[in-house]
Amino acid sequence: AQTVTQSQPEMSVQEAETVTLSCTYDTSESDYYLFWYKQPPSRQMILVIRQEAYKQQNATENRFSVNFQKAAKSFSLKISDSQLGDAAMYFCAYRSALAGGTSYGKLTFGQGTILTVHP
Amino acid sequence: NAGVTQTPKFRILKIGQSMTLQCTQDMNHNYMYWYRQDPGMGLKLIYYSVGAGITDKGEVPNGYNVSRSTTEDFPLRLELAAPSQTSVYFCASSEGLLVSYQPQHFGDGTRLSIL
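Chains A and B supply the protein sequences, listed in that same order. Residue 130 in the working numbering is what sits at position 55 of the first sequence, and the numbering runs on without skipping anything. Residue 22 in the working numbering is what sits at position 30 of the second sequence, and the numbering runs on without skipping anything.
If you're looking for bench data, these hints aren't it; they were derived computationally from the structure. A few of these clues could be false.
Said to hold, decoys possible - FRET-style restraints, in silico, Cβ to Cβ:
#1 Thr(-1)/B - Ile189/A: 39 to 45 Å
#2 Asn133/A - Arg69/B: 39 to 45 Å
#3 Thr191/A - Thr62/B: 22 to 28 Å
#4 Met11/B - Pro194/A: 38 to 44 Å
#5 Arg138/A - Thr62/B: 22 to 28 Å
#6 Leu122/A - Thr(-3)/B: 48 to 54 Å
#7 Ile7/B - Ser105/A: 43 to 49 Å
#8 His193/A - Thr(-3)/B: 48 to 54 Å
#9 Leu122/A - Ile4/B: 16 to 22 Å
#10 Glu51/B - Ile121/A: 34 to 40 Å
To be verified - Quick list of in silico lysine to any residue cross-link-like pairs, SDA-like style, CA-CA up to 25 Å:
#11 Lys1/B - Ala172/A
#12 Lys1/B - Lys130/A
#13 Lys49/B - Lys130/A
#14 Lys130/A - Ile189/A
#15 Lys49/B - Lys153/A
#16 Lys153/A - Gln94/B
#17 Lys1/B - Glu136/A
Stated by the list, open to error - Output of the computed footprint for chain B on chain A, the stretches with three or more beta carbons under 8 Å from beta carbons of chain B:
#18 88 to 99
#19 185 to 191
Where a beta carbon is used, it is the ideal one built from N, C-alpha and C, also for glycine.
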């Protein structure tokens, strides 16, 4: 079974600064997808960024980028130019690329990191 | 386009009561999921469905039942509510495994308290 670990329960950053959230995972599969989801106080689950394991290039979405280290099974999220609206709980999630089996596209989530942005 | 709609948004139940959490999606997605999120934790899979008439257990299915009679609807049933089922419940849907890395689309959640 796959596991996802976020070792930082809470992080804080000053507005306009950069912060990195850590995520490690454990899997025996070679093909999979990794996601970062944002959950603001409204409880919505908002997809921030995704990465395919077979791609060496790190994904980037505007101010959000990842550092994907497949051998180390590490998938960190970097938020540049932090804004007050970035304050939320952030979840790292794993999804197998296998069709069928015991995965059926389910997401395995980490415990989450609460990000506070100070003005 | 409504996406994934969950009702109700909040509910308080007494121990032993039963209720159904409703979930409907208008994106014609085959795959649907129910997760629960306990305070300060990530989401855990309760049940999933890969199409109408097909459902299966996830990681934490005890105390729950599901059905999938249509593509759009995937209700979650609690038969005998217990305090351990106090949680926030999320329904999600996905286009399918064969379509690249389609993300799951989530509803806004149902906050359920069992007292």
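Verification of the supplied hints:
One distance hint, 39 to 45 Å for the beta-carbon pair Thr(-1)/B and Ile189/A, is violated here, with the actual separation near 28 Å. Against the hinted window of 39 to 45 Å, the Cβ-Cβ separation of Asn133/A and Arg69/B comes to about 43 Å, which satisfies the hint. About 42 Å separates the C-beta atoms of Thr191/A and Thr62/B, a value inconsistent with the hinted range of 22 to 28 Å. The supplied range of 38 to 44 Å is met by Met11/B and Pro194/A, whose beta-carbon atoms lie about 42 Å from each other.
Taking 22 to 28 Å as the suggested C-beta distance range, the pair Arg138/A and Thr62/B does not conform, at roughly 40 Å. Look at Leu122/A against Thr(-3)/B: about 18 Å separates their beta carbons, and that is not inside 48 to 54 Å. Taken as a hint, the range 43 to 49 Å holds for the pair Ile7/B and Ser105/A, whose Cβ atoms sit roughly 46 Å apart. Between His193/A and Thr(-3)/B, the C-beta spacing of about 36 Å breaks the proposed range 48 to 54 Å.
In this structure, Leu122/A and Ile4/B break the distance hint of 16 to 22 Å, their C-beta atoms being roughly 31 Å apart. For the pair Glu51/B and Ile121/A, the beta carbons lie near 23 Å from each other, so the given range of 34 to 40 Å is not met. Distance check on the hinted pair: Lys1/B and Ala172/A sit about 32 Å apart at the alpha-carbon level, beyond 25 Å; violated. Using a Cα cut-off of 25 Å, the hinted pair Lys1/B and Lys130/A is violated, with the two alpha carbons roughly 39 Å apart.
Taking the CA atoms of Lys49/B and Lys130/A, the gap is about 31 Å. The hint is violated against a cut of 25 Å. Distance hint between Lys130/A and Ile189/A is unfulfilled; the C-alpha atoms sit about 28 Å from each other, more than 25 Å. For the proposed pair Lys49/B and Lys153/A, the alpha carbon gap of about 35 Å is over 25 Å, so the pair is violated. Simply put, Lys153/A and Gln94/B have alpha-carbon atoms about 22 Å apart, close enough for the 25 Å limit, and the pair holds.
Between Lys1/B and Glu136/A, the direct Cα distance comes to roughly 31 Å. Violation of the 25 Å bound is thereby established for this hinted pair. Coverage of the stretch 88 to 99 of chain A by chain B is violated. Counting CB-CB distances below 8 Å, 0 residues qualify, and the rule asks for three or more. Check result for the stretch 185 to 191 of chain A against chain B: holds, 3 residues qualifying (beta carbon to beta carbon below 8 Å, three or more required).
Comparing the model with each earlier hint shows violations of hints 1, 3, 5, 6, 8, 9, 10, 11, 12, 13, 14, 15, 17 and 18; every other hint is respected.
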